[in-house]
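K.L.:
Protein chains in written order, with my numbering: chain A, 15 to 129; chain Y, 67 to 180.
Hints in this document: simulated from the structure, not taken from any laboratory. We put the CB at the ideal spot given by N, CA and C, even for glycine. Watch out, some of these pointers could steer you wrong.
Unchecked claim - Calculated pairs, BS3-like style, for lysine-lysine (alpha carbon to alpha carbon, straight line, at most 27 Å): (1) Lys121(A) / Lys137(Y); (2) Lys81(Y) / Lys116(A); (3) Lys149(Y) / Lys168(Y); (4) Lys110(Y) / Lys121(A); (5) Lys149(Y) / Lys116(A); (6) Lys128(Y) / Lys77(Y); (7) Lys87(A) / Lys168(Y); (8) Lys116(A) / Lys30(A); (9) Lys116(A) / Lys137(Y).
To be verified - Just the calculated beta-carbon pair ranges, DEER-fashion: (10) Val92(A) / Lys168(Y): 15 to 25 Å; (11) Ala85(A) / Lys149(Y): 16 to 26 Å; (12) Pro74(Y) / Gly66(A): 31 to 41 Å.
To be verified - Okay, the calculated bits of chain A under chain Y, using three or more residues with CB under 8 Å as the criterion: (13) 25-37; (14) 82-96.
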Amino acid sequence: AQKITQTQPGMFVQEKEAVTLDCTYDTSDPSYGLFWYKQPSSGEMIFLIYQGSYDQQNATEGRYSLNFQKARKSANLVISASQLGDSAMYFCAMTPSGANSKLTFGKGITLSVRP
Amino acid sequence: EAGVAQSPRYKIIEKRQSVAFWCNPISGHATLYWYQQILGQGPKLLIQFQNNGVVDDSQLPKDRFSAERLKGVDSTLKIQPAKLEDSAVYLCASSLVATNEKLFFGSGTQLSVL
Numbered sequence: 015a016q017k018i019t020q021t022q023p024g025m026f027v028q029e030k031e032a033v034t035l036d037c038t039y040d041t042s043d044p045s046y047g048l049f050w051y052k053q054p055s056s057g058e059m060i061f062l063i064y065q066g067s068y069d070q071q072n073a074t075e076g077r078y079s080l081n082f083q084k085a086r087k088s089a090n091l092v093i094s095a096s097q098l099g100d101s102a103m104y105f106c107a108m109t110p111s112g113a114n115s116k117l118t119f120g121k122g123i124t125l126s127v128r129p
Numbered sequence: 067e068a069g070v071a072q073s074p075r076y077k078i079i080e081k082r083q084s085v086a087f088w089c090n091p092i093s094g095h096a097t098l099y100w101y102q103q104i105l106g107q108g109p110k111l112l113i114q115f116q117n118n119g120v121v122d123d124s125q126l127p128k129d130r131f132s133a134e135r136l137k138g139v140d141s142t143l144k145i146q147p148a149k150l151e152d153s154a155v156y157l158c159a160s161s162l163v164a165t166n167e168k169l170f171f172g173s174g175t176q177l178s179v180l
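Let the sequences and hints guide you as you build the complete structure.
P.N.:
What follows is the structure in structure tokens.
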């Protein structure tokens with residue numbers, strides 16, 4: 015079984031500053047993938063970044079980077095140079111590797127970017 | 067490229083009524099998912115299709131929920147009869163394959179059961 019934990023209360027960040035959103039996970043699978051999704055008020059879930067458990071380097075996608083610490087089972091999302099449009103819910107998710115694997119989500123974190 | 071289409075966007079019904087949601091995935095995507103997202107929680111997988119076959123429906127309340135994906139393209143999710151606790155956003159997602167692949171989501175259907 016997999017479990018994703020996101021415990022931060024609502025987060026606030028000043029525009030143009032960096033922010034870290036925490037995610038810890040628990041799994042017995044030896045190989046797995048970690049994802050972050052953004053959900054703006056419109057409701058659509060938008061893929062941000064992916065990290066494989068055997069990837070040697072931390073994933074980066076533009077202003078998004080994933081601080082992956084396998085031994086601590088954490089996969090924190092770092093957003094650099096925050097923009098007003100970054101205000102949204104952010105979900106961490108994971109899936110074991112292999113065919114037909116199920117994606118399990120955390121409960122999410124609300125991020126508000128202040129002008 | 068067109069995204070995942072869902073309808074209706076909003077639905078309000080009374081308890082014990084029935085309701086159906088429709089989803090058209092991205093063209094060529096073999097895998098289709100229905101998720102339920104209750105307010106303040108992350109999405110929970112209800113059912114996963116690979117083409118027109120069910121891969122995982124372990125969390126689908128089969129006494130009241132049903133889903134089909136005829137011809138391996140679009141899909142419908144039905145609730146009959148609805149309960150108050152079914153109030154949620156129902157998200158449809160699709161992916162090319164079902165192996166560590168990022169999912170593309172629709173905007174969801176927000177269901178309110180009164």
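K.L.:
If a hint holds in the structure, say so; if it does not, say that too.
P.N.:
Quick rundown of the hints versus the structure:
{"no.": "1", "hint": "Lys121(A) / Lys137(Y)", "in the structure": "violated, 34 Å"}
{"no.": "2", "hint": "Lys81(Y) / Lys116(A)", "in the structure": "violated, 30 Å"}
{"no.": "3", "hint": "Lys149(Y) / Lys168(Y)", "in the structure": "violated, 32 Å"}
{"no.": "4", "hint": "Lys110(Y) / Lys121(A)", "in the structure": "holds, 10 Å"}
{"no.": "5", "hint": "Lys149(Y) / Lys116(A)", "in the structure": "holds, 26 Å"}
{"no.": "6", "hint": "Lys128(Y) / Lys77(Y)", "in the structure": "holds, 21 Å"}
{"no.": "7", "hint": "Lys87(A) / Lys168(Y)", "in the structure": "holds, 21 Å"}
{"no.": "8", "hint": "Lys116(A) / Lys30(A)", "in the structure": "violated, 35 Å"}
{"no.": "9", "hint": "Lys116(A) / Lys137(Y)", "in the structure": "holds, 23 Å"}
{"no.": "10", "hint": "Val92(A) / Lys168(Y): 15 to 25 Å", "in the structure": "holds, 19 Å"}
{"no.": "11", "hint": "Ala85(A) / Lys149(Y): 16 to 26 Å", "in the structure": "violated, 44 Å"}
{"no.": "12", "hint": "Pro74(Y) / Gly66(A): 31 to 41 Å", "in the structure": "holds, 37 Å"}
{"no.": "13", "hint": "25-37", "in the structure": "violated (count 0)"}
{"no.": "14", "hint": "82-96", "in the structure": "violated (count 0)"}
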